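**Student:** Sequence:
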Amino acid sequence: MISKLISEGIDPNHILYLSSDFFVSRKELRNAIAYFMNKNMDVTDLYMFIDEITSIKDWNLELKYMSDSGVLEKARILATGSCSSALRRKGELLPSRGLEGNEYYMKPLSFRDFVLQTTDHVISTIGNAELRDSLKKLLPTLEKTSCSLEAGVGQQFKALHKIAPFKRELDYLFNLYIRYGGYPFVVNDYLLKKLQSPQRQMSFSINPKLSEALMRDIIGDITKLGKQETFVRQILKEVSRKYGSRYSFSKLASDIEPTHVTTIDYLETLEESFIVTILYALDFNKKDIKFKGDKKIFFQDPFTFQSVKSFLTGKDVNEIIEETLQSEELVSKLIEEIVSSHLIANQEIPMMRELKTFLWFYYDTRGKEIDNILRINDKYIAIEVKYQSEVSSKDVWKVPQLRESMILTKEDLRTEDNVTLAPVDMTLAVLEKAHHTL
Numbered sequence: 040m041i042s043k044l045i046s047e048g049i050d051p052n053h054i055l056y057l058s059s060d061f062f063v064s065r066k067e068l069r070n071a072i073a074y075f076m077n078k079n080m081d082v083t084d085l086y087m088f089i090d091e092i093t094s095i096k097d098w099n100l101e102l103k104y105m106s107d108s109g110v111l112e113k114a115r116i117l118a119t120g121s122c123s124s125a126l127r128r129k130g131e132l133l134p135s136r137g138l139e140g141n142e143y144y145m146k147p148l149s150f151r152d153f154v155l156q157t158t159d160h161v162i163s164t165i166g167n168a169e170l171r172d173s174l175k176k177l178l179p180t181l182e183k184t185s186c187s188l189e190a191g192v193g194q195q196f197k198a199l200h201k202i203a204p205f206k207r208e209l210d211y212l213f214n215l216y217i218r219y220g221g222y223p224f225v226v227n228d229y230l231l232k233k234l235q236s237p238q239r240q241m242s243f244s245i246n247p248k249l250s251e252a253l254m255r256d257i258i259g260d261i262t263k264l265g266k267q268e269t270f271v272r273q274i275l276k277e278v279s280r281k282y283g284s285r286y287s288f289s290k291l292a293s294d295i296e297p298t299h300v301t302t303i304d305y306l307e308t309l310e311e312s313f314i315v316t317i318l319y320a321l322d323f324n325k326k327d328i329k330f331k332g333d334k335k336i337f338f339q340d341p342f343t344f345q346s347v348k349s350f351l352t353g354k355d356v357n358e359i360i361e362e363t364l365q366s367e368e369l370v371s372k373l374i375e376e377i378v379s380s381h382l383i384a385n386q387e388i389p390m391m392r393e394l395k396t397f398l399w400f401y402y403d404t405r406g407k408e409i410d411n412i413l414r415i416n417d418k419y420i421a422i423e424v425k426y427q428s429e430v431s432s433k434d435v436w437k438v439p440q441l442r443e444s445m446i447l448t449k450e451d452l453r454t455e456d457n458v459t460l461a462p463v464d465m466t467l468a469v470l471e472k473a474h475h476t477l
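So for the sequence shown, the working numbering puts the first residue at 40; every next one is plus one.
In case anyone wonders, no lab produced these hints; they're calculated from the structure. A few of these clues could be false.
Pairs of lysine-lysine residues, derived as DSS-like cross-links and limited to a Cα-Cα distance of at most 30 Å, are as follows [claimed, not checked]: (1) K433 to K418; (2) K290 to K248; (3) K201 to K331; (4) K201 to K325; (5) K248 to K197.
Derived DEER-like restraints, expressed as beta-carbon distance ranges [claimed, not checked]: (6) S366 to E429: 42 to 52 Å; (7) I45 to L234: 41 to 51 Å; (8) D107 to N214: 49 to 59 Å; (9) L44 to K197: 18 to 28 Å; (10) D97 to T180: 41 to 51 Å; (11) S371 to P51: 47 to 57 Å; (12) S366 to K326: 34 to 44 Å.
This one's a predicted model, so the numbers in the text were calculated from it and none came from an experiment. We treat Cβ as the ideally placed atom computed from N, Cα and C, and that holds for glycine.
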């Protein structure tokens, strides 16, 4: 971003980058900014990048001070932090300070971004000339082809048919995404190893230190918020063991040491930190969530799931990846998690449109279930995941309140009995993200 500003003609002397890791107090940060502002007293368009701002105690008060003292009249500030829970909680304490409409979530790459950003690099690692050529053709086609869920079935089918000739190529890339997820540092490690390998095989042993680094970040961020690592470990263990199943908070709490209230507190912190997704069940009668009903809890990226399992079992993350891919049940649950994460990224707006207001799952007393219920405006859409070869419209449960139904499949692309069937890899490849999800 700084390079882009300089390339657009912004004087480098008008740009400030600060890593808050080097400051021990708000006063030190304030002094550094004051020096920059005094040096550019006659400049009216300045840029400040403050990285890891959550490492400074009461950082939100410092941003409030900058706003109140007029700094924001001359400067644009981009503040980032790896402890997303702290950013979200303390960001809420800054009303009318320019945060409204300027809050963004940076999450692992969506499958669309994964394809658009890595395909050129993937091409250089592939020995098969035919696959290389077809991947080269996929990229410009996909760049011009995208679709929002608000567009309706007609526009979605139009987009899907444009990329249908590249189903094999998307399937290849989706298998990589299931294996390695959307963290750039993991994807880069895979691509580098494959590029250096003369055999160019599909899978490689990625550096286990990447998994360790991720878990250190997760545990470190949670403990910074006053949580106990022992309880975090217990909760992660039960979430992994029950992965993809539905259960109540009280059931989860009964299987571990923390109380019901403590369990909810820890889970909400993990969700605010973008580690897990808590999917609530929908009550159609009340048009609201079932607060006391069952929930589904997923990790927000496949590699997070693999890393947590490695952390809990002591096994190498590569061994965990191979074990996971050999289990059809686990792969199916991972894909269900991927789909839910993408639906969230398509609709979420910080503060104003949170997950609980537009995405749920559904079940009844007989045990029937729908993976995702998405609300767009006043319309409810069922989105079921069936990653298997043979799928029919009967594989999604018909509920009167649902205006549309969609089944995400492995191969099928058609409509049947007013149900849309579409390959999950193609659907996610054309799915846009919300403006505030980076």
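**Student:** All hints, please: hold or fail.
**Tutor:** Each hint, compared with the structure:
Restraint check for K433 and K418: satisfied, since their Cα atoms lie roughly 21 Å apart, inside the 30 Å limit. At most 30 Å may separate the alpha-carbon atoms for a hinted pair to count; K290 and K248 exceed this at roughly 34 Å. For the proposed pair K201 and K331, the alpha carbon gap of about 44 Å is over 30 Å, so the pair is violated. Under the criterion of a C-alpha separation no larger than 30 Å, the hint pairing K201 with K325 is inconsistent with the structure, at around 40 Å.
Distance check on the hinted pair: K248 and K197 sit about 43 Å apart at the alpha-carbon level, beyond 30 Å; violated. For the hinted restraint 42 to 52 Å between S366 and E429, the CB-CB distance of approximately 20 Å leaves it violated. Checking the proposed 41 to 51 Å range against I45 and L234 shows it is violated: the Cβ atoms sit about 30 Å from each other. Remark: the range hint 49 to 59 Å for D107 to N214 is upheld by a beta-carbon distance near 52 Å.
In this structure, L44 and K197 break the distance hint of 18 to 28 Å, their C-beta atoms being roughly 37 Å apart. Distance hint for D97 and T180: a CB-CB separation of about 50 Å, consistent with the stated range 41 to 51 Å. In this structure the supplied range 47 to 57 Å holds for S371 paired with P51, their Cβ-Cβ distance being about 51 Å. Restraint check, S366 to K326: a C-beta distance of roughly 37 Å satisfies the suggested window 34 to 44 Å.
This entry does not satisfy hints 2, 3, 4, 5, 6, 7, 9, going by the numbered hints stated previously.
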